[in-house]
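Under numbering that gives the first Met the number 0, think of the first position of the sequence shown as 0, with each following residue one higher.
No wet-lab data here; the hints were simulated from the structure.
All clues given are correct.
Simulated crosslink set (DSSO-like; lysine-lysine; CA at most 27 angstroms straight-line):
{"#": "1", "residue 1": "K105", "residue 2": "K121"}
{"#": "2", "residue 1": "K48", "residue 2": "K116"}
{"#": "3", "residue 1": "K73", "residue 2": "K116"}
{"#": "4", "residue 1": "K121", "residue 2": "K73"}
{"#": "5", "residue 1": "K105", "residue 2": "K116"}
{"#": "6", "residue 1": "K73", "residue 2": "K48"}
{"#": "7", "residue 1": "K122", "residue 2": "K48"}
{"#": "8", "residue 1": "K73", "residue 2": "K105"}
{"#": "9", "residue 1": "K121", "residue 2": "K48"}
Label pairs and their in silico Cβ distance ranges:
{"#": "10", "residue 1": "R65", "residue 2": "A18", "range": "39 to 49 angstroms"}
{"#": "11", "residue 1": "N115", "residue 2": "N54", "range": "14 to 24 angstroms"}
{"#": "12", "residue 1": "A53", "residue 2": "A18", "range": "37 to 47 angstroms"}
{"#": "13", "residue 1": "K121", "residue 2": "A18", "range": "40 to 50 angstroms"}
{"#": "14", "residue 1": "E125", "residue 2": "W64", "range": "29 to 39 angstroms"}
{"#": "15", "residue 1": "M117", "residue 2": "L86", "range": "20 to 30 angstroms"}
{"#": "16", "residue 1": "E119", "residue 2": "G92", "range": "13 to 23 angstroms"}
{"#": "17", "residue 1": "V108", "residue 2": "W51", "range": "15 to 25 angstroms"}
Model, not experiment: these values are computed from the prediction.
Even glycine gets a Cβ: it sits at the ideal position worked out from N, Cα and C.
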Amino acid sequence: MSSSNETKSTLKPDVFDTARFRECMKTAHDLGGEEGGPISLREREEGEKERWEANTFITCECLAWRGVWNTVEKHRRHVDMGREQYLSLPYYGRWLISAARVMVDKEHVTLTELINKMDEVKKRHE
Numbered sequence: 000m001s002s003s004n005e006t007k008s009t010l011k012p013d014v015f016d017t018a019r020f021r022e023c024m025k026t027a028h029d030l031g032g033e034e035g036g037p038i039s040l041r042e043r044e045e046g047e048k049e050r051w052e053a054n055t056f057i058t059c060e061c062l063a064w065r066g067v068w069n070t071v072e073k074h075r076r077h078v079d080m081g082r083e084q085y086l087s088l089p090y091y092g093r094w095l096i097s098a099a100r101v102m103v104d105k106e107h108v109t110l111t112e113l114i115n116k117m118d119e120v121k122k123r124h125e
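Produce the complete structure using the sequences and hints provided.
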């Protein structure tokens, strides 16, 4: 049986005030009611993607097909990347960062291998 001091010091969900509850429940992609300023859009043809976007989509689908992650885990990683990063990246940029993190987290590649490969690819495009 726990002491009364231990019980009092343990934070329980029912003692959250409304502001604390909202802070805990709000995720990076939840922008409801916030002023975000103007959104500049470039018109695209139906289904048009830049090459890197298509390659990112294909890579992420292959990761799922090979069992590295599933749709729920992919979504969770997008949401958990943090508000500033989430809002600063384009849609497929979030996919790309999440894919890189899952590959390192699950030890399919090391962070050093990933960085070296990124440097190699950058040099090809300079």
